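Student: Listed here are the chains, written in short residue letters.
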Amino acid sequence: MPIIKKNCINEMKLCFAAVSENEAFARACVSSFLSQLDPLVSELAELKTAVSEAVTNSIVHGYRNISGGTVLLQMRLYADRRVYIKIRDKGCGIEDISKAMQPLFTTAPEEERAGLGFSVMESFTDSLRVKSSSGHGTVLVMEKILQEKDDGSIESEFSDKSRRKHRTCTPLRK
Amino acid sequence: MPVEICVSGQTLTARLSGDIDHHTALAMRTDIDRAVRDTPVTLLILDFSAVTFMDSSGIGLVMGRYKLINGLGGECRIADPPAYIARVMKLAGLDRLCRIVSLARIPHREEAENNADN
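Chains as they are written, first to last, in the working numbering: chain A, 1 to 174; chain B, 175 to 292.
This is chain A alone, in the form it adopts within the complex (with noise of 0.2 Å):
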């Protein structure tokens, strides 16, 4: 399938080792890159929310028991507000991903997973595809249409609030 570039007006890939601790690396990746957009506060943590699932899924059951894995993180954003995001995994798979996307299916019980993650992945983009094969790894898109920015109008008030509340730090507490 040819990758349609029209219109995209950045450009970012990423690669990192998977272990858990690249989680919150890939989430603080996704929050920098996507600033140019200036999100709301609400968007910026679906799509953070979204990623962190997919990175998660790749380091836990991708790379189950395989290490020296690695997770590539691609991201796309377009002038008309679309943020592109591709997450790929070289580890063992999906054998069944009609099964897998099913709410509270976890391969991993023991460990707490509340089998939510493509649940969560779905609500908070506009779309999401997964491609898998067993033994080769799995690619995922996710593609999410953020609001139009507001042009001075009282409602922009509000919304300009929140999108400066993003932009300040929460405070931190010891």
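Please keep in mind that the hints were generated in silico from the structure rather than gathered at the bench.
Computed from a predicted structure; not experimentally measured.
Keep in mind that a hint or two might mislead.
List of simulated lysine-lysine pairs, DSS-like, C-alpha gap at most 30 Å [as the list claims (entries may be wrong)]:
| no. | chain 1 | residue 1 | chain 2 | residue 2 |
| --- | --- | --- | --- | --- |
| 1 | A | 149 | B | 264 |
| 2 | A | 90 | A | 6 |
| 3 | A | 131 | B | 264 |
| 4 | A | 149 | A | 6 |
| 5 | A | 99 | A | 149 |
| 6 | B | 241 | A | 99 |
| 7 | A | 86 | B | 241 |
| 8 | A | 86 | A | 5 |
| 9 | A | 6 | A | 86 |
| 10 | B | 241 | A | 144 |
| 11 | B | 264 | A | 99 |
| 12 | A | 144 | A | 5 |
We have chain A already, so just place chain B on it with the hints.
Tutor: Just chain B, lined up with the frame of chain A:
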């Protein structure tokens, strides 16, 4: 410390802070479980007011603690989650297992319960 434990009477409050993901959830649940097993309490409050991020690992964390305290005959409540985290919780139906409360209201409830006991 990602978890601050505070015991008052029959109530154990675990104040979680920072991001809750698959990486951090393990240490948090170990801390909470140790405290719950060491202290006989009937109410476990998971205070989410200082949580900055949570994915479905947090759902697993709450469900596991709910099972633990429920098995010991107690009750579990979630306090003050930020709006978007409350959304993730509702998506998972956690609000049907644990009441989502505001901490400001709980002392009054306790008082009422204590009075009822006396």
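Student: Return the numbers of the hints above that this structure violates; sort them in rising order.
Tutor: Those not satisfied are hints 5, 7, 10.
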